[in-house]
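J.: Next come the chains, spelled out residue by residue.
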Amino acid sequence: MIRLSNVSSRRGAFALQSINLEIGDGEYFVLLGPTGAGKTQLLEVIAGVQQAASGEIWIDGENVTSLPPEARHIGFMYQDYLLFPQLSVRKNIAFGLRRMPRAEANARVEEIARLLEIEALLGRRVLGLSGGEQQRIALARALAPRPRVLLLDEPLSALDPQIRRELRRKLRSLHEKLRMTTLHVTHDFEEALALAGRLGVIHEGAIVQTGMPDKVFRKPASAFLANFLGVENLLRGNVVRRHPEGPRSGESPDSEFDAEFDAGPLKLYVIAQREGPAYAAIRPEDITVSREPIPSSARNTLEGTLAKIERSWPLVRLTFDVGAPIRVPLVAVITEQSLHSLDLALGARAFLTIKATAIHLI
Amino acid sequence: MKKPSLLNLVFSLLGACIVLFLLAPLLKMLLSSPATGLREALGDSEVRRAIALSLTCAFWATLIGAVLGVPLAYLLARRSFPGKHFIEALVDVPIVIPHPVAGIALLLVFGRHYFGGEFFSRLGLAFVGDVPGIVIAMLFVSCSFLINAARDGFRHVDPRLENVARTLGYGPLRAFFLVTVPLSWRDLLSGAILMWARAISEFGAIVILTYNPKVASVLIYDRFTTYGLNYALPPALTLVLLSLAVFALLRGISLERGPGGAA
Chain A
1 MIRLSNVSSR
11 RGAFALQSIN
21 LEIGDGEYFV
31 LLGPTGAGKT
41 QLLEVIAGVQ
51 QAASGEIWID
61 GENVTSLPPE
71 ARHIGFMYQD
81 YLLFPQLSVR
91 KNIAFGLRRM
101 PRAEANARVE
111 EIARLLEIEA
121 LLGRRVLGLS
131 GGEQQRIALA
141 RALAPRPRVL
151 LLDEPLSALD
161 PQIRRELRRK
171 LRSLHEKLRM
181 TTLHVTHDFE
191 EALALAGRLG
201 VIHEGAIVQT
211 GMPDKVFRKP
221 ASAFLANFLG
231 VENLLRGNVV
241 RRHPEGPRSG
251 ESPDSEFDAE
261 FDAGPLKLYV
271 IAQREGPAYA
281 AIRPEDITVS
291 REPIPSSARN
301 TLEGTLAKIE
311 RSWPLVRLTF
321 DVGAPIRVPL
331 VAVITEQSLH
341 SLDLALGARA
351 FLTIKATAIH
361 LI
Chain B
1 MKKPSLLNLV
11 FSLLGACIVL
21 FLLAPLLKML
31 LSSPATGLRE
41 ALGDSEVRRA
51 IALSLTCAFW
61 ATLIGAVLGV
71 PLAYLLARRS
81 FPGKHFIEAL
91 VDVPIVIPHP
101 VAGIALLLVF
111 GRHYFGGEFF
121 SRLGLAFVGD
131 VPGIVIAMLF
141 VSCSFLINAA
151 RDGFRHVDPR
161 LENVARTLGY
171 GPLRAFFLVT
181 VPLSWRDLLS
191 GAILMWARAI
201 SEFGAIVILT
211 YNPKVASVLI
221 YDRFTTYGLN
231 YALPPALTLV
241 LLSLAVFALL
251 RGISLERGPG
261 GAA
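Line by line, the protein sequences give chains A and B.
1 is the number of the first residue of the first sequence in the working numbering; add one for each residue after it.
1 is the number of the first residue of the second sequence in the working numbering; add one for each residue after it.
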């Protein structure tokens, strides 16, 4: 458990302003914010390598505010990993195991290396390893001493997109196995959605909103947030394969299949890469609005009521309530001209068509 | 062929002049010593003693400089504190003041009748006219080289590496020895060698504090003034060869730097 109460800290001209945050045991909490929002500074204050100017930091019921970092038992990983270049991979991972008898420490290194699938690298030097390899070694080094909590500073942002997806999955499965209380900071909203149990948003040194990811995305508490998140339509649901017996080219984890996205009152046809809980993001310009349903099996057609019209010439932002009786807002953007020819007024019924491929699953 | 530009032509000519100016005296010294010069010098027990004294005193000065100066260098690299700029400037001062002046200044503190001299004389340590005087003269004029090299070396080690070591259960002192020192040892070693070499070559400050026993540089001066050039040449040649060997070692260490500066 991590609890911050009124934590402030100042470095140069930048200040963290009375941060309050509570992260439960085994929770994976993602703190989302733009570059320069104070994310790294907050992690350094929790880890103790920077002093808090005021406030209290509690870890697992212990007040650690005045403890040095070496007494806090926190696993900490920087964005650029910072492996010790003078040491081998094995010695890097074993670095935090100095109090353990040698045989036990060796066993622990092997165990954690197996978990992260880096056994083959143990004898290697650190120089010349790929970013993904370094990331997993840094993670192993942080996890080896069994810290009480894990702090991850932009753990995926220095990687290529392909490796990033792979390691995102790895982080997720690792968390499912270890249930380590984790605070992960990132500027990437997709990463946040993919991993977060709960989500917080940090802006200019203050936490501006916390909650379940879909709530935060759907009801951003400020204009900054809405802008920063940049996603207007976000649904939480479950991906189910449509043809469970169908052809499975499923050897590669990236292979795609037809699926249904079940979001309570809404059911959408989607192209998915994996089953289970997920978020679906739909860009407002990918929603086609019409008075009559457009017949097509490859498309999703939803019936909705126009609830809000916002004009910003030449575009119009339309908010529809769909999925009655539970009302789910969906935002579509069309041109002023289309609105005119559709002849829609508030309360009018219309059909929203969304291609399966326009639904982005996270 | 391309016509050499005016810049290349003029700058090369000017550069050649200074290269020649540096090279000629050294070459001349090697060539004009009698062929038996080196053997003769090493056969002379006074020369051998003087050179050994130079080497050992320079070693002690470097050791004291490392024990007292490296911690200061770390503070200068990592912390900000009032008076930091003053201390950084002060460290460079011995490089710019004339060395006999440094010797006189040291005399005013460590001379027999001054407080430093009196304090240490109670511990049985005399500076003027004795070996400790040589060591402090060397320390004063050459510690800047080690302190500056160490400070720059520490600055090149990412302080967040120390942070990582801290979160893995190490106190600041252990993090320093396990992370910072191994990553900056080249700078520390080359700084120490530079300091040692600078200490061996010192004359001005030493001659004020301790004329006897004579270090190599004082011996060369003494032979030159009492017997003349031909008597000064063999020990001078020996000292030059020794200095060049140390210098070659130093260049070897700083050129070997691998990627990331680590071995």
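Hints in this document: simulated from the structure, not taken from any laboratory.
Any given hint could turn out to be false.
Claimed, not checked - A few chain B residues that face chain A, going by a derived Cβ cut-off under 10 Å, partial list only: (1) Ser12; (2) Ala16; (3) Arg112; (4) Glu118; (5) Ser121; (6) Gly124; (7) Arg155; (8) Asp158; (9) Leu168; (10) Ala175; (11) Phe176; (12) Leu178; (13) Val179; (14) Pro182; (15) Leu183; (16) Gly204.
Backbone N, C-alpha and C define an ideal beta-carbon position, used for all residues, glycine too.
J.: Give a verdict on every hint.
T.: How the hints compare with the structure:
no. : hint   : result
1   : Ser12  : violated (39 Å)
2   : Ala16  : violated (41 Å)
3   : Arg112 : violated (48 Å)
4   : Glu118 : violated (43 Å)
5   : Ser121 : violated (44 Å)
6   : Gly124 : violated (42 Å)
7   : Arg155 : violated (16 Å)
8   : Asp158 : holds (7 Å)
9   : Leu168 : holds (3 Å)
10  : Ala175 : holds (8 Å)
11  : Phe176 : violated (13 Å)
12  : Leu178 : holds (8 Å)
13  : Val179 : holds (6 Å)
14  : Pro182 : holds (5 Å)
15  : Leu183 : holds (6 Å)
16  : Gly204 : violated (41 Å)
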